[in-house]
Structure formats: structure tokens, C-alpha cells
Amino acid sequence: MTETTNTQAIIDMQNVAVGYDGTDVLSNVQLSLDNGSFTFITGRSGSGKTTLLSMLYLVKRPSKGILKVFGQNINFSNRDTLAEMRQRIGVVFQDFRLLENMSVYDNIALPLRVRGMNEKEIYRRVVELLQWVELHKSIYKKCSTLSGGEKQRVAIARAVINRPDILFADEPTGSVDSEIANKLMRLFVELNKVGTTIIIATHNEQLTSTYNYPRIHLHDGSAKLYPALQHI
Amino acid sequence: MRRDLLMGQKHEIPAEDNDTSVFMYVLTSIYMYLFVVVLAIFMSISSMAGSWEKDITGSITVQISPIENADKHIDKTKTQEQLHKVEQFIEKVSGVAEVRTLDEQAIKKLMTPWIGTKVDMSTLPIPQLLDVRLKPDAELNYDEITRGLKQLTPNASIDNHRLWLNRLIKFATSLKTIALAILLMVVAICAFSIYYSARTSLNINFESIEILHIIGAKDRFIAKLYAIDYAKIGFFSGIIGLLAAVPCILLVGRYGMSTGSGLLNGASLSNYAWTLIMLTPLFSLFYAMLTSYWTVRKSLEKMV
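Chains as they are written, first to last, in our numbering: chain S, 1 to 232; chain X, 233 to 536.
Hints in this document: simulated from the structure, not taken from any laboratory.
Fair warning: this is a prediction, and the values are worked out from it, not measured in the lab.
Careful, some of the hints might be misleading.
Straight-line C-alpha distance at most 25 Å; calculated DMTMM-like pairs for lysine to aspartate or glutamate [what the hints assert, rightly or not]: (1) X:Lys317 to X:Glu285; (2) S:Lys64 to X:Glu442; (3) X:Lys456 to S:Glu119; (4) X:Lys534 to S:Asp220; (5) X:Lys450 to S:Asp220; (6) X:Lys310 to X:Asp352; (7) X:Lys534 to S:Glu121; (8) X:Lys534 to S:Glu119; (9) X:Lys450 to S:Glu119; (10) X:Lys317 to X:Glu300; (11) S:Lys60 to X:Asp363; (12) X:Lys367 to X:Asp352; (13) S:Lys60 to X:Asp451; (14) S:Lys68 to S:Asp220; (15) X:Lys286 to X:Asp369; (16) S:Lys141 to X:Glu442; (17) X:Lys450 to S:Glu121; (18) X:Lys317 to X:Glu336; (19) X:Lys456 to S:Glu121; (20) X:Lys464 to S:Glu119; (21) X:Lys450 to S:Asp165; (22) S:Lys68 to X:Glu323; (23) S:Lys68 to X:Glu442; (24) S:Lys64 to X:Asp303; (25) X:Lys402 to X:Asp369.
Model the full structure from these sequences, guided by the hints.
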């Protein structure tokens, strides 16, 4: 991971600005994230963590600069290409963003259905993953009936079912107790060990000090990269 | 439950469960009822006008007014002589297939609706009639025939039916145009309803759509989900509209036939017309499916 342009990086931002309605929340962001890295994005509430993440998982385009994901400049990518890139990305939200009227199974199966996978293979993969997140007994429960911790695990299962190259998590421990938070973090570390690039936005200082990974700190509209074990 | 899993796609956007979809079923059924009724009207008018057109292009009538003698009585012998001459003349005209003299009984039958049965027709100056059948695609020069007839006898005249049927055909054509305009209007209003309903559903389900986008769904995947829902609405509404419209069509047809008017004989619906009417639910299915698909694709393009 570097602060300069890296053509081999999985995410590369050059003088990127991003915001809402013509007002930039972040500007002149110049960062590169390597394939297989684990990075925290930190900053106070309103510092732009979610905005930066939403640009990185490709639902928001930068207002200025060049953003390359998987080596592709997203400014020049059409809607279909962006969708194909998103299929290689998993996202876990603080508020889970599940389809509440659907079952656990259907929520987790969604990314595979989007890719047009056959239902038999989907069933096999979902059941396997549900055992991993210990939710196999709730397979046909509606998401609206689940607890916060269970919803979080469904959200993670949905994010990783596609075996994504990059996994984004926006305040993943914000709605769960410390025990579940630690379980979740161990899960992210496991995924990172098998090669998934992990990017977690959090304002939880305890989390970032417990897990020794580099962090991008957002402050006053700018982003600065800090290596692991360095105080801000 | 397994069945639910296999049919999982139907749950991804819950358009089926909301009020908009119930509203669309009702609205589309009404549109399809109107569509079927107007389609039947359009096709029966077309068939009737076509039959008139066929009648008037396939035959002409020549009439010979009775010839009076000096004391102002009908000279039957002279009239018959003239009739015979005219018949021979007409038979030689190019394009004529058959010439038939209408006998007294046939003429009486034709006159009955106007003069009734109690009048002694022998005292009336009833003209003699020749029913002339033409060969297919025959193009007659009516001016030339009229001149030829006048040279034979000033009492002969030609009636190619078009003179009075033309007005009826014009009237039928106007009705056809109106019916077609109504058909197009129903189709257009139906498209607008689907458009606004799909747009509303997209707004209601904005969060679900956003999630689908985030996990990598392409616009056509989302549009396909809508198209499947609207195809169902289109098909079942088409069935309901058809079931409601067919009894009305049959009833109107029965009343039309019971008038006993020869003019309405050609207004019946052919097998082809019935096939088209029966295919309405399929038309409705594809129409709703394609309109919703197009609407969703266009709307999603405006999203990030």
C-alpha cells in the first residue's frame, strides 16, 4: 500500500474528490491499496468515511480525479462494466441493508442469482456458508425476525458468498456487542488470509488499536494514510 | 419452501404484494375489456364493409322501366322485347359472367318490405330487373354501357349499387377509423399506466433496487424482474378482460342478427377475428412485459 500512483493496485485514487450536490466532502485524495491488504478507514462522524466507501464500492462516482478499481478507470466505465466490477466486491453495512421480507436463504443467494448461477449450486453454496456463520438453523427464517447479531452475520454471508476480491465494511461492529464484534473481526482476518482485500470504515479506536493494520484517517476533507502501529 | 427457493426471483422486488399491483390488475383488466370490445367492433365493421365492397364490385343491376302504349297502359310485350334486347347486349359486354332476369316472384319479394303483400303489383309500373354477375377483377366502362343501353331503349338504366352503398361504405370507414383511434388510445393509456406504475414501484422499492445494484445486478436483471411481474399482470388482466368482453360481443352480435337486416349479414366475426380476440391475453402479456422492461431500463439509467 502506498500514497503514490500504483498501476498494480486493486484500488488507485489520483487527486480524487467526492461529495454531494457539488460540495466535496473529500478532496485531493491520493491513495493506492494493494491486492490482499487489510485497511481501516477512520475519522469522526461526518468526516466522509461512508462517502469514501460508497465511491469505492462504485455507487458513487468521484467529482474530480481518477479512481481505478481492478485497474479500470471508473470514470470511463459504463453501467454494465460497473455492475460486473461490483460482482467482485462485497459490502457489509452497519444497518445490514437486508431485504427484510425475504428469507435468510434468499438474501444470501441474491448475489449468486444476479450472476445467473443455477439454483442447485446456489443452494449448495448458501448452506455451506450458513454453517460457517452458524445460521443454518435459521435458513428459511425471514430476516425481519432475526436479532441484530444474526442480521449482521447474514449481511456478511451475503457479502462473501461471491468470494469477492474486495470486502468493504461500514462500521460493522457498530450495532453489535463486543463479543460479536470480536467474532466478526476474526472472520474478516480469516477472509484476508485467503486473499480478500479488506477495507473497514470505523470510528471504534479500540478496534483499530487491537488489530494491527494500516489506516486511512479522514480529517478536514483530506485523507492521510498511517501505517500499522502508528499513532494519529 | 423448496418451491419458494426455486422461484426465488419473484421475491426480490415485492411489487406483487403492494397496492400498486392490485391497482394495475384492475386497471389493465378494464383496458383489456375495452380493447377486446373495440377490436371486435373494428373487425366486424371491416368485415361488413368488405362484404359490401365485394357485393358491389361483383354485380350490377340493369333496370328497364315498363313501356306504356298509347292509352297509357303498360305494354308488356314491348317491355319484354326490350328486356330481351338489353339482356343480349349485356351478355356481350366484356367482364360479364352471367345475366339473370328476375322473375315476378323475385321482384315481388324485393318490393314487399316497401309496399307490403296486399297490393296488386300488376297494376304498378314495376321495372324489370337484370341481375348481372361480373367476372372476378372485371373492370367495366359504365359510361360506355350506359350509352349502349340508351341506344337500345331510353327506358334502360344501370345501377351499379355503388351509388348508394358508397355512402354506407364511407360511413363504415369513418366508424373503422374511430374504432382504430380508440384502440390506439387504449393501448397508449395502458402504456402510460404501466410506465407510471413501474416508476412508482421503483421509487417505493428504491432501497431494494440500490441493494441489487450494490451486489452487482445489471439494469437488465432488475428490468427483467419487473418485466416478469408485469407479464403476469398483463396476462391475467388480458384473461379477465377477454372473459368479460366475449359475452358482450356475443350478445351484441345476437341482437344485430335478430334485426334481420341483410346489411348486417357481413358483420359477423370470422375465425381469424376470433383467433385474434382470443390471443389478446398474449398480446397483453408481451405488451406489459416490454413496456415495463423499457420503463425500468430507462429509469435505472438515471440512477448512479
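Practice item. Please write out, lowest number first, the hints stated earlier that are contradicted by the structure. Key: Hints 1, 4, 5, 7, 8, 11, 12, 22, 24 contradicted; others consistent.
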